[in-house]
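Trainee: The primary structure of each chain is shown beneath.
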Amino acid sequence: MFQLLHTRSLKIIGVIIGVLLLLCTFFLSIVLGATEISLKMAFDSFVSYDSTSTEQVIIQTTRVPRAIIASIIGANLAIAGALMQALTRNPLASPSIFGINAGAICFVVLAISFFPISSLVQLMWIAFLGAGIAALSVYYLGTLGNKEPTPVKIVLAGAAITALFSSFTQGMLVLDEAGLQDVLFWLAGSVSGRSLEMLLPVLPYILVSFILALGLAYHVNILASGEDVAKGLGQRTGLVKILIAITVVLLAGSAVAVVGAIGFIGLIVPHIARFLVGVDYRWIIPYCALVGAILLLIADIIGRFPIKPEEIPIGVMTSLIGAPFFIYMVRKGLRHE
Amino acid sequence: MNKRITFRSNRGYYSFLVEKKTLTVLTMLFVLTGIFLVISVGVGSTIISPIEAMKTLFGYGFDQHTMIIVDLRLPRVTIAILVGAAMAISGGILQGVIRNPLASPDIIGISGGAAFAAVTFITYFSETLSIKWLPLAAFLGALSISIIIYSLAWKKGVTPIRLVLVGIGISTITSSLTTLMIVLSPYSAASQAYIWLTGSIYGSSWEDVIALLPWLIIFIPLAFICGRSINVQELGDDMARSLGSHVQLHRGILVIISVALAGSAVSIGGAIGFVGLIAPHIARKIVGSSFGSLLPVAALIGSLIVILADTVARTAFLPLDIPAGVFTAGIGAPFFIYLLYRNKNF
Amino acid sequence: MMMAVIQTRSLTLSYDTETVIQGLDFTLLENKITVFVGSNGCGKSTLLRSLARLLEPKKGAVLLNGKDMNSLKSSQVAKSLAISPQGPIAPEGLTVFNLVKQGRYPYQHWYQQWTEEDEKMVNSALENTQLTDLMDCPLDSLSGGQRQRAWIALALAQGTDTILLDEPTTYLDLRHQVEVLDLLFDLNKKEGRTIVLVLHDLNLAFRYANQIVALANKQIYVQGKPEEVVTRKMVHDVFQLKCEVSTDPIFGTPFVIPFGKGRNLYESNMSV
Numbered sequence: 001m002f003q004l005l006h007t008r009s010l011k012i013i014g015v016i017i018g019v020l021l022l023l024c025t026f027f028l029s030i031v032l033g034a035t036e037i038s039l040k041m042a043f044d045s046f047v048s049y050d051s052t053s054t055e056q057v058i059i060q061t062t063r064v065p066r067a068i069i070a071s072i073i074g075a076n077l078a079i080a081g082a083l084m085q086a087l088t089r090n091p092l093a094s095p096s097i098f099g100i101n102a103g104a105i106c107f108v109v110l111a112i113s114f115f116p117i118s119s120l121v122q123l124m125w126i127a128f129l130g131a132g133i134a135a136l137s138v139y140y141l142g143t144l145g146n147k148e149p150t151p152v153k154i155v156l157a158g159a160a161i162t163a164l165f166s167s168f169t170q171g172m173l174v175l176d177e178a179g180l181q182d183v184l185f186w187l188a189g190s191v192s193g194r195s196l197e198m199l200l201p202v203l204p205y206i207l208v209s210f211i212l213a214l215g216l217a218y219h220v221n222i223l224a225s226g227e228d229v230a231k232g233l234g235q236r237t238g239l240v241k242i243l244i245a246i247t248v249v250l251l252a253g254s255a256v257a258v259v260g261a262i263g264f265i266g267l268i269v270p271h272i273a274r275f276l277v278g279v280d281y282r283w284i285i286p287y288c289a290l291v292g293a294i295l296l297l298i299a300d301i302i303g304r305f306p307i308k309p310e311e312i313p314i315g316v317m318t319s320l321i322g323a324p325f326f327i328y329m330v331r332k333g334l335r336h337e
Numbered sequence: 001m002n003k004r005i006t007f008r009s010n011r012g013y014y015s016f017l018v019e020k021k022t023l024t025v026l027t028m029l030f031v032l033t034g035i036f037l038v039i040s041v042g043v044g045s046t047i048i049s050p051i052e053a054m055k056t057l058f059g060y061g062f063d064q065h066t067m068i069i070v071d072l073r074l075p076r077v078t079i080a081i082l083v084g085a086a087m088a089i090s091g092g093i094l095q096g097v098i099r100n101p102l103a104s105p106d107i108i109g110i111s112g113g114a115a116f117a118a119v120t121f122i123t124y125f126s127e128t129l130s131i132k133w134l135p136l137a138a139f140l141g142a143l144s145i146s147i148i149i150y151s152l153a154w155k156k157g158v159t160p161i162r163l164v165l166v167g168i169g170i171s172t173i174t175s176s177l178t179t180l181m182i183v184l185s186p187y188s189a190a191s192q193a194y195i196w197l198t199g200s201i202y203g204s205s206w207e208d209v210i211a212l213l214p215w216l217i218i219f220i221p222l223a224f225i226c227g228r229s230i231n232v233q234e235l236g237d238d239m240a241r242s243l244g245s246h247v248q249l250h251r252g253i254l255v256i257i258s259v260a261l262a263g264s265a266v267s268i269g270g271a272i273g274f275v276g277l278i279a280p281h282i283a284r285k286i287v288g289s290s291f292g293s294l295l296p297v298a299a300l301i302g303s304l305i306v307i308l309a310d311t312v313a314r315t316a317f318l319p320l321d322i323p324a325g326v327f328t329a330g331i332g333a334p335f336f337i338y339l340l341y342r343n344k345n346f
Numbered sequence: 001m002m003m004a005v006i007q008t009r010s011l012t013l014s015y016d017t018e019t020v021i022q023g024l025d026f027t028l029l030e031n032k033i034t035v036f037v038g039s040n041g042c043g044k045s046t047l048l049r050s051l052a053r054l055l056e057p058k059k060g061a062v063l064l065n066g067k068d069m070n071s072l073k074s075s076q077v078a079k080s081l082a083i084s085p086q087g088p089i090a091p092e093g094l095t096v097f098n099l100v101k102q103g104r105y106p107y108q109h110w111y112q113q114w115t116e117e118d119e120k121m122v123n124s125a126l127e128n129t130q131l132t133d134l135m136d137c138p139l140d141s142l143s144g145g146q147r148q149r150a151w152i153a154l155a156l157a158q159g160t161d162t163i164l165l166d167e168p169t170t171y172l173d174l175r176h177q178v179e180v181l182d183l184l185f186d187l188n189k190k191e192g193r194t195i196v197l198v199l200h201d202l203n204l205a206f207r208y209a210n211q212i213v214a215l216a217n218k219q220i221y222v223q224g225k226p227e228e229v230v231t232r233k234m235v236h237d238v239f240q241l242k243c244e245v246s247t248d249p250i251f252g253t254p255f256v257i258p259f260g261k262g263r264n265l266y267e268s269n270m271s272v
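Each protein sequence line maps, in turn, to chains H, Y and Z. Numbering-wise (this note's numbering), the first sequence opens with residue 1 and increments by one. Numbering-wise (this note's numbering), the second sequence opens with residue 1 and increments by one. Numbering-wise (this note's numbering), the third sequence opens with residue 1 and increments by one.
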């Protein structure tokens with residue numbers, strides 16, 4: 001398999017370049033948008049914050065939180081995708097294909113419609129629950145039968161589960177028209193208008209799952225060579241798989257809770273990471289985090305321009321970028337066909 | 001005991017083989033559809049007894065019943081029958097062509113194309129153009145999306161797996177564009193589009209029936225004629241070719257039939273989900289996988305499902321009229337999962 | 001039954017860029033059993049598929065009765081030769097009868113789906129393969145050997161002179177392997193059908209085949225009657241395998257004993 005960065009030192013240089021790129025896109029995300037902001041102004045707002053300047057207020061209350069959320073969620077989804085692809089040994093696995101987004105959203109909409117829930121923490125747990133149920137059902141449906149779970153089976157099962165959850169969501173929205181517009185924007189996946197307060201309650205879980213993901217990387221390497229092989233090497237595969245699954249649900253569920261449905265980051269980024277550093281998950285996971293963050297920031301920035309002054313929700317942007325990539329992969333051919 | 005009946009014309013020019021079981025099942029389904037029809041036109045905010053409803057249907061009822069049944073409820077039930085049959089046949093064909101029981105017009109993106117076109121129409125043209133152009137818009141959407149999917153899946157011919165995967169990819173694009181459109185549109189258009197998206201045959205009129213009927217009259221018989229070629233395609237491309245079937249040509253024709261049926265059904269009934277998925281499944285459980293029997297049985301089962309879903313949807317929460325699509329999903333999805341569980345090798 | 005003479009003329013076959021068969025000239029013996037042998041990936045299945053028009057030649061042509069097969073109508077080809085692919089797929093719940101009935105596809109029209117001829121051919125195919133009693137059973141409820149017989153019955157119903165089979169004995173235990181090969185042997189002897197097989201088991205291949213065709217290096221290494229062409233050198237060149245060629249004590253056909261390790265030799269400190 002092709003791999004761009006062979007040696008350890010190249011990979012470390014790659015990480016440094018990645019961090020620099022991340023900082024650049026982060027900064028661009030602060031500067032570009034409906035209100036043009038000069039580089040100096042942006043810099044000033046960090047060094048000497050002036051609450052009377054409109055621009056500086058915009059930067060600190062809107063642009064910066066937005067950029068932070070985009071980078072963290074990007075990393076989130078990318079790592080979730082990488083772990084799912086390893087767990088199912090399926091190059092097409094990712095939160096959106098698995099119906100995780102649709103499941104989480106359905107549960108959240110259900111909860112909002114029928115229970116008086118307002119706190120984000122509660123919604124987050126409900127999103128986790130929805131994500132978990134969707135992921136389990138797709139995995140279960142995809143592995144039914146005596147044959148290996150092929151990519152096609154899992155993708156189809158995911159599509160069926162997605163169709164199920166989204167028609168429930170739609171039904172509830174039709175019944176409860178008042179809340180429609182708000183929920184819709186959230187459904188489409190968006191990082192705008194999200195304050196840091198929305199991120200804070202979720203942050204601990206995200207951090208824990210980042211650490212879990214890095215800690216699991218070595219075991220994922222072994223599991224990736226096949227379950228039987230891993231068992232033969234003395235791995236407690238059941239435990240490892242459950243831990244991976246929990247990490248995935250925490251990552252994907254928290255992402256949905258904060259920003260709504262953002263697809264395809266989890267599908268594309270692991271492939272880019274493998275292209276860069278090969279098959280070692282100890283490198284893949286940090287690279288996923290970097291590339292995912294950069295990609296989501298870029299998608300967010302691009303979405304601000306085509307239909308000014310409105311914005312294209314970031315979830316729509318990632319679908320428009322990601323779906324062609326998905327089709328490209330399908331055309332290139334899958335091993336398990 | 002002979003399980004099959006042979007029909008042959010005198011000089012053997014026409015000849016058919018029909019399984020007795022299929023005939024029995026079809027007769028029973030016809031009777032059931034009739035019963036459901038009578039019940040369905042009878043219930044609603046004004047309840048009319050089945051006997052009165054029968055009288056009215058045959059032209060001997062009270063005037064106010066005639067108005068309610070013939071002008072309001074009957075067209076709606078007729079649309080339910082037609083939409084259900086079209087979706088079921090469309091799904092049955094796709095499952096045969098793609099050789100996967102999970103395929104259906106909703107899942108491989110045909111309905112998504114129709115929905116995108118319809119929502120575009122509602123958002124941008126509903127003030128300038130009459131709403132009666134909506135079906136055409138939806139059909140054109142379904143058709144062009146199918147052409148896109150088919151050509152992207154083409155690489156020295158179309159394999160079933162590429163077709164379904166490309167379809168899923170494309171349908172995420174159309175659904176995200178649809179969401180974008182709704183997010184950006186004014187509130188009234190958004191909720192109208194949303195109801196349509198969920199699948200509702202609310203307010204169907206005889207005009208809708210007349211708009212839909214020609215499609216079905218052309219494409220359903222065509223589907224039955226092509227059933228033979230699905231049968232051999234199900235044995236795999238190699239087998240079908242060695243039996244002398246023009247696999248790629250027939251596959252193209254079958255997909256066109258399926259798109260025409262799904263597109264026209266979606267244009268009238270919105271995205272009533274899961275009918276195209278589960279109706280052929282149930283049919284296969286009853287009469288087996290031979291398409292000569294499967295398609296007609298699936299069509300009637302599809303009709304029954306939509307009548308049932310729509311009747312429940314418009315009466316359960318009176319005066320609210322819930323989209324039938326919510327109920328087809330509600331009944332369809334768990335049932336579908338059960339079918340998959342029973343039927344493990346796909 | 002339509003007679004069929006199948007030939008290849010400087011046939012080159014390839015998958016994408018990789019050439020599998022290069023410039024092959026070959027004529028199939030009529031009314032005989034021919035078996036293709038060769039190591040994995042030598043192109044036996046590829047060649048078989050191209051003989052059945054399932055793979056388009058890169059160069060050259062496959063001729064049916066002297067005419068380029070690709071220029072013929074597909075139903076015409078389907079009436080002359082049948083192929084049973086390796087690991088064929090059938091939809092869940094398909095009955096034996098409904099499978100075998102598909103063999104009549106090239107003869108049918110949408111308005112003419114069950115002529116008396118169709119009925120006769122399907123019934124005799126079922127009888128020949130001893131599946132008449134099982135005709136209403138779903139294919140997935142049958143044993144491996146019965147299932148393979150059902151696919152052969154499909155080919156019989158097709159009413160062709162020539163039947164090509166790609167590894168019809170894979171996944172079958174020894175008893176069912178012999179059962180399937182005996183059936184094919186009978187079809188050849190009693191009805192004079194041309195049978196072409198790809199087989200992995202050399203000793204069984206030599207027992208049934210009138211002619212074996214050994215493929216190596218994108219070409220036919222040797223072809224002919226097993227007794228005449230099978231030698232130690234031939235097995236070594238085709239399979240890169242050292243062996244002893246003996247004679248089957250019962251059938252009198254060549255019997256290959258591959259060299260390698262073995263318990264008795266080990267215990268007496270010998271090796272081959």
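It is worth saying that the hints were derived from the structure and are not from the lab. Note that the Cβ used here is the ideal one computed from N, Cα and C, for glycine as well. Careful, some of the hints might be misleading.
Not the full set, but computed from the structure, chain H residues with beta-carbon under 8 Å of chain Y [said to hold, decoys possible]:
#1 V57
#2 I58
#3 V152
#4 Q170
#5 L175
#6 V229
#7 L233
#8 I272
#9 P309
30 Å max Cα-Cα, derived DSSO-like pairs, lysine-lysine [unchecked claim]:
#10 K225/Z to K155/Y
#11 K156/Y to K32/Z
#12 K67/Z to K3/Y
#13 K155/Y to K32/Z
#14 K261/Z to K32/Z
Residues of chain Z placed beyond 10 Å of chain Y at every Cβ, according to the derived structure [to be verified]:
#15 A61
#16 A78
#17 P106
#18 Q112
#19 E116
#20 Q146
#21 V229
Trainee: Each hint should be assessed against the structure and marked as holding or not.
Mentor: Structure-based check of all given hints:
no.: 1; hint: V57; result: violated (26 Å)
no.: 2; hint: I58; result: violated (22 Å)
no.: 3; hint: V152; result: holds (5 Å)
no.: 4; hint: Q170; result: holds (4 Å)
no.: 5; hint: L175; result: holds (7 Å)
no.: 6; hint: V229; result: violated (25 Å)
no.: 7; hint: L233; result: violated (30 Å)
no.: 8; hint: I272; result: violated (18 Å)
no.: 9; hint: P309; result: violated (11 Å)
no.: 10; hint: K225/Z to K155/Y; result: violated (42 Å)
no.: 11; hint: K156/Y to K32/Z; result: violated (35 Å)
no.: 12; hint: K67/Z to K3/Y; result: violated (43 Å)
no.: 13; hint: K155/Y to K32/Z; result: violated (39 Å)
no.: 14; hint: K261/Z to K32/Z; result: violated (37 Å)
no.: 15; hint: A61; result: holds (17 Å)
no.: 16; hint: A78; result: violated (3 Å)
no.: 17; hint: P106; result: violated (4 Å)
no.: 18; hint: Q112; result: violated (5 Å)
no.: 19; hint: E116; result: violated (7 Å)
no.: 20; hint: Q146; result: holds (17 Å)
no.: 21; hint: V229; result: holds (30 Å)
The structure shown violates the earlier hints numbered 1, 2, 6, 7, 8, 9, 10, 11, 12, 13, 14, 16, 17, 18, 19.
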